[in-house]
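Enquirer: Listed below are the residues making up each chain.
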Amino acid sequence: MASPESGSHSQGAVPDAQGDTPHRRVPRLGVVARGSAAEQRLRDTWETAPGWRGWLSTVDHKTIGLRYLVTAFLFLMVGGIEALIMRVQLARPDQTLLTPEQYNQLFTMHGVTMIFLYALPILSGFSNYLWPLVLGSRDMAFPRLNALSYWTFLFAGLLMYASFPLGEAANAGWFNYVPLANRAFNPGPNIDVYALGMVFLGASTTIGAANFVVTLFRMRAPGMSVNRLPVLVWGTLATSLANLVAVPAVSLAFFMLWLDRQFGTHFFDAVNGGRPLLWQHLFWMFGHPWVYAIVLPAMGIVSDALPTFCRRPLVGYAPVAISTMATMLMGFEVWIHHMFATGIATLALSFFGAASVVITVPSAVAVFAWLATIWTGRPVFRTPFLYFAAFIFLFVVGGVSGVMTAVVPLDWQLNETYFVVAHLHYVLLGINVFPVFGGLIYWFPKFTGRMMSERLGRWTFWIVFVGFNLGFFPMHVSGLLGMPRRIYTYSDGMGWNTANLLTSIGSFVFAIGVLLFVVNVLWSRRHGAVAGDNPWDAPTLEWSTPSPPPPYNFAVVPIVASMYPLWEDRLEDAKRRGLDEEAPTSARVPAADRVAQLRTASQADASPDGSADAREAAAADATLTRDAPVGEHDARRADNAAPNEEGRERGAAKEAHERSSLQRGFVLDQGREAFATTLLYARPEAILKMPGDSYAPLFLALAGLLLGIGLLLHAWWMAALAGLGGAIALIAWLWPERALGQTCAAPDAVRPAPEVPHG
Amino acid sequence: MADFDPSDVGALPVGSAGQRAGGWWGVWTLIATEAALFGYLIFSYLYLALDNAAQWPPDGLPKLAPGLLGTGLLLGSSVVVWAAEKLAARRHRIASAAALAVAIAMGGVFIAIQLHEWHDHPYGPATHLYGSLYFTITGFHLAHVAVGLLALAVMLVWVLLGYFDERRHAALTIGGAYWHFVDVVWLLIFATLYLSPYLIR
Amino acid sequence: AAAPLSYVVDAAGPAARPALWLVWGVGAVCVLVCLIVALLLVGALARRRPAREFGQLERSGRGVKWIYFGTALSVIALLGIVVAMLVALRAVSRPAVPTELAVRVTAYDWWWRIDYPASPDAPAFVTANELHIPVGVPVRIDLDSADVIHAFWVPALAGKTQAIPGQTNRQWLQADRPGVFRGQCTQFCGAQHAHMAFEVIAESPAAFQRWRAAQASTAAPVRDRLALRGQALFGQLCAGCHAVRGSGTTGQHAPDLTHLGSRRMLAAATLPNDAAHLRDWLRHTQSIKPGARMPDFDLPEPELSALMSYLATLK
Ligand code: HEA
Ligand code: HEA
Ligand code: CUA
Ligand SMILES: [Cu+2]
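Which chain is which? The protein sequence lines are P, F and X, in order. Add 379 to the 1-based position in the first sequence for the working numbering, that's all there is to it. FYI, the working numbering numbers position 41 of the second sequence as 30, with every residue one higher than the one before it. Add 1 to the 1-based position in the third sequence for the working numbering, that's all there is to it.
Errors might be hidden in some of the hints.
Unchecked claim - Restraint ranges, calculated between C-beta atoms of paired labels, are given here: (1) 1107/P x 252/X: 57 to 65 Å; (2) 870/P x 178/X: 19 to 27 Å; (3) 241/X x 1092/P: 34 to 42 Å.
Said to hold, decoys possible - Over the 12 Å line for every Cβ pair with chain X, so calculated as not near, a few chain P residues: (4) 431; (5) 634; (6) 704; (7) 880; (8) 1078; (9) 1107.
Read the hints as simulated data drawn from the structure, not as lab findings. Every residue gets a Cβ at the ideal spot worked out from N, C-alpha and C, and that includes glycine.
Make the full structure from the sequences, and use the hints.
Expert: So, in structure tokens, the structure goes:
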């Protein structure tokens, strides 16, 4: 299906007077077939150099996304192990496994790790990997910033852990209230490490957020108007906008704390007129938006993946998208609900209490949208779906306990007890960890080209689900029985023994589940069934690319005409045939049968001999589309694409742009190029020149790390040198390049003419 | 939503094109997050000041003259930077560079005034709460001015190297936007640190 | 009680009762919501459906009604919750009758100092870790902190309030019946946050008056020789931190020990107050409460018994 056009020179380019990068060009429509010379050229243009150089300098969003995912998952394991140690200590009353100081560092680092080094970074991983793919773009708006944000995250995480082996890790809880965190009560390096690490990490988060926002505003495939965005994109947009505004609060707070600690300023020092409560305000002005920031993208994962497994579009796309944004917006006006017990005036409390109750309305919208999607769909019980279904239930359990704590007089009892610990784990694991596990399984074939084992996955799911509830449900009970949080031990006779023992047992069951998950990933990466482009028969753009996607993502920039480009024709079929009318009862299949049907499919991947043939067969079974051959990309592509192409030929000109066009699209092949499109309607407005791989991000992040270490050790010369190095790296980075169309074409003595790859 | 017809797409600008450049959007995200940062600084100031029973500021009302002079300088420099951008876009290389040099000088004088004020105060950041706030807020701003000056200096070099013409000068637009932001923020800081003690008594 | 810090079975006073209603009322709504969602979810999963080819899709238009109904019902329930909250908040924000007694409670790492004001028949006095209140009347608590943030919480009597350095927070509590109610610091405050408890003892007004008068008195003079030696030791070793009113020791960094013997518990409700535990406390402070701001005093036996016999006089 090679097109005669493919590989030809671009047409309509308006050459510059000097024959240089043209100022304007009419982008050509065409096809770039897989395996064609044109495709190879794209690959050469976009591919990262092999070896360690490429490894350190790559700006490919897919690589960076995977790095985020792996790093954040490792942090989850580290934080999890810390929790398990705590659970051993708390399993029985009056245990002495840990000293109070050790316990305090463990629970603090557990919270810090989970909240800051796992929960958001893992979602950034998904978004980084997926955004350009779901948006039909070649990369993020700022590929090099993307690399910078990853390196900075990694170094900040390492910095925060630097003092852990010395027994000097942060120890004042993740929200780190002053004066406990101030010098007078915490003279060691513990808090300085945390403070500087947080300022550093804040930079990473902000950079990432800026990148997402600009990417969304500008880097969508033509035709992907705002009403066609995947919900993951809405979620990450909400998160990123919020982070831009909220992160400075916590960075500033930590910076002021560091000044208080190191230079004797008085921001939080009550003796000299400062106020400890300022810390709480700044922290929670950030902290509450943040807790939504670390779940909205995860909720987006569910909203996007659920339709695949329910064989129908999401119910109420617009309300769900709006409620995502509404949650985030309202999330800025409830921070006081973490401070109900600080002696704030009753009137203010009633406002913030009511606001905290009302904030559940958008959540209700989403919950009922998901329920309706399952109810009116035809669920296919594959492991990702199990996680998503469980998520709905856990979200509600966690959400309603949040409502209880939002009720001010009740919170005066619940506050700082294990009830809050139960709430936060139900929401954090329920709405973050469960969708993340589901999402990892769902996109695993895209990441690696292989499916995860369904049978092991099912076991894992049930162990995780049972372990989770066994572990965290009893925390509600211990909370209602008055158990305060952050106690390193408790005495017999408080009535908390049973609940704590159950929690500890459940924690370990859960951990075994996590372990199995890891085993599954490692095994399936090599031995899983080969997936093909679209093993789940999913509707969104990323599934139109090969698995794993080529470095340039899309051979041609696709043209999008609906939310579910890969389902378009079939959705119209369904509409035409009125499929929703009730079929006669005889045709109904009980759910159990359907499960059985799928189970046969899932057994295939456990085929005893690992022979290639058996796996190939398994692959065919493992996919949801039984009719399409798997593993032969082009054949499948042809199948998928055929209706589009035919429709194009057959239909009137008008119909042409009512359909998405994925095979035929804009050919951007004069170097690393991507489209800039308009904000609302995604009309092409410029052809962007994308920067190539670069060491500058790594150097800049390293400079940041050295700056942090210098400040920590009071090695001012080191800090100054690092600052200088950073400035140089930054200037080099920003230096205008003619190849990127940043300088005028007039020949200049300083830089050689850029290389524009011509076919 | 109106559907889009691919055959309608005409000639598009290629590369970094003024307000359609990625960096233009990028600098706005930077400005948004920095604006929030200064917002929180001012919030902290007001939160701590309004609640403080003692005399505020402890060493008497701030002198207005240097602050006003600085304000004038910064706002003036904004206009000059704007002019520099326009000049570069008309390929007046030298004039544009000269304008940038003037702006840098104005910024430099602003920094000098500020440092002089710092020096004049009998208190330091650790003396009392007001000192902590005063030095931190002005220090933050000063750091931004310094970064802005560095940016202007780099832009000056680029102008002299003849990088820009009427089509390609996004770097100046972007750098200029940052400088304008630094200047506008100063107005808020001036109002908070210098004017509000006169008003809120 | 089986769970001395529980607040879900019983509330012993009007400042805690609204929360009891709320925990059950709002809790019931919440459990109901969970059950409904669970049922809908199970229903949605198990429902029979018309058989269809895998590749076929369902039509997209259906299901939006769910959002309308679900959200509308939720809004009604939520508004109910808001109203209940406002009513309860009003009820607990201030007592029905003005408080006559105001006690100042100052949180220290990791114990509580309690200041009673002067009354017509007794001067002001200081005690620690044991708060006595008369039954049936509201008592105001003025909360301070001497170091970091702590929180004052007696679940059976009232919700919690943070004790924040630099500001005085107020709350009130009232016991409707006599009894011993356990309290606990609930804001993380460092090494011994776990062992920063206290007790509130509610007693009849008459008993309370008697207790108050006794506490206001200074320590009885010591006559016993052994105890006198102990007193001297106390002056050397302990007086820098502890005070015993009437004996000339005035330390301010630690619990006032004038009437140590009158307390039920030791070391912020960590140990029962009897001779064996007291001795243990003196010798192994740092293993009982690692990090506590009092060193171990592992004295030779004669000195220890002298000290013990002196402490035994502090009734
Ligand atoms: C993962 C993120 C996350 C999410 C999504 C939420 C969601 C919510 N949280 Fe939570 N919260 C945390 C993370 C999160 N929280 C953390 C980490 C803490 C502890 C911090 C610390 O102290 O360490 C905390 C603490 C916390 C507190 C402070 C408690 C205390 O310290 O005393 C409060 C108080 O109001 C609160 C409220 C809420 C509310 C009202 C919601 C709502 O958004 C929930 C909305 C959802 C639903 C309610 C379910 C769906 C709705 C329906 C099905 C409709 C019908 C429902 C009803 C009629 C009730 N949270
Ligand atoms: C995303 C966030 C997240 C996650 C996933 C978790 C996961 C867990 N948390 Fe966490 N928790 C928080 C966020 C989170 N927590 C926060 C914010 C706090 C508040 C901190 C503060 O107060 O400052 C907190 C506090 C907190 C406490 C209260 C401490 C206290 O107040 O004293 C407890 C106590 O039990 C606890 C337990 C657990 C357990 C058992 C898990 C388990 O889910 C962990 C499961 C284990 C793993 C994921 C490890 C993976 C497994 C292996 C590597 C295999 C090893 C295998 C075996 C030994 C079998 N957490
Ligand atoms: Cu005091 Cu916790
Ligand atoms: Cu919150």
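Enquirer: State for each hint whether it applies.
Expert: For each hint, the structure was consulted:
1. 1107/P x 252/X: 57 to 65 Å: This hint holds: roughly 59 Å between Cβ atoms.
2. 870/P x 178/X: 19 to 27 Å: Distance hint for residue 870/P, residue 178/X holds at roughly 26 Å.
3. 241/X x 1092/P: 34 to 42 Å: holds, 37 Å
4. 431: holds, 45 Å
5. 634: holds, 21 Å
6. 704: The assertion about residue 704/P holds, with a minimum of 16 Å to chain X.
7. 880: holds, 15 Å
8. 1078: The assertion about residue 1078/P holds, with a minimum of 40 Å to chain X.
9. 1107: holds, 43 Å
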